[in-house]
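K.L.:
Using the sequences and the accompanying hints, generate a full structural model.
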Amino acid sequence: MMQNIAAPIVQRNWWIMALRGLFAVIFGLIALLAPGIALLAFIYVFAAYALVDGGIAVITAIQERELLYRWGWILFEGILSILAGIIAFANPALTALVLLYFIAAWAIVTGLMEIVAAFAIREFVSREWVLALAGIVSVAFGVLLFFFPGAGILSILWLVGIYGIVFGLLFIVRAFQLRSWASSVTA
264 MMQNIAAPIV
274 QRNWWIMALR
284 GLFAVIFGLI
294 ALLAPGIALL
304 AFIYVFAAYA
314 LVDGGIAVIT
324 AIQERELLYR
334 WGWILFEGIL
344 SILAGIIAFA
354 NPALTALVLL
364 YFIAAWAIVT
374 GLMEIVAAFA
384 IREFVSREWV
394 LALAGIVSVA
404 FGVLLFFFPG
414 AGILSILWLV
424 GIYGIVFGLL
434 FIVRAFQLRS
444 WASSVTA
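Quick note, the sequence shown lines up with residues 264 to 450 if you use this note's numbering.
Please note that the accuracy of each hint is not assured.
Now the in silico label distances, taken between C-beta atoms and shown as ranges [said to hold, decoys possible]:
# : residue 1 : residue 2 : range
1 : A304      : E386      : 41 to 49 Å
2 : Y332      : L303      : 17 to 25 Å
3 : F409      : E327      : 18 to 26 Å
4 : R275      : W392      : 17 to 25 Å
5 : W392      : P271      : 17 to 25 Å
6 : W334      : W392      : 35 to 43 Å
For the record, the hints were derived by calculation from the structure and aren't laboratory data.
Since the model is a prediction, treat every value here as computed from it, not as a measurement.
Every residue gets a Cβ at the ideal spot worked out from N, C-alpha and C, and that includes glycine.
P.N.:
The structure is reproduced here in structure tokens:
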């Protein structure tokens with residue numbers, strides 16, 4: 264029964280997860296390939312990414328709220344991302360260390376929500392471990408930032424870049440898995 268409800272949602276929205284993954288990969292590549300980037304530019308790149316990612320998550324949650332049992336978690340994740348972006352744009356000079364801890368908290372909360380979502384969908388969708396793995400990577404990244412704040416900005420940029428690429432690729436893989444699953448259910 265739930266497969267019949269979930270499949271049309273996934274068919275309409277699989278590309279949104281892929282888009283989120285693509286933005287994460289682009290964000291990660293910028294952080295890795297331009298390590299000499301000024302801290303201010305890094306803060307603005309993060310702010311733009313958080314706003315776009317949060318906006319996409321909020322739109323998805325609102326559009327599918329009648330059919331998604333746990334749409335509030337997606338909405339919360341989106342609002343948290345939007346707040347991260349606004350704070351980074353509003354106070355770039357004061358944001359450096361605060362941003363480090365905010366990114367860590369954001370990654371942990373996002374990761375925990377992805378793990379919860381993976382468990383929530385496991386009875387309807389196969390290979391939910393990809394979403395859980397994305398969540399574990401997010402939590403691990405956040406914990407590392409909390410315990411090693413003294414690392415140089417270059418190291419942080421590399422960590423953020425690797426995180427963005429891994430997280431983004433996992434989301435892209437999951438999006439195509441969901442598209443394939445939805446096609447097989449509705450066929």
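K.L.:
When the structure is checked against the list of hints, which entries are broken? Sort them ascending.
P.N.:
Hint check: 2, 3 and 6 fail, others pass.
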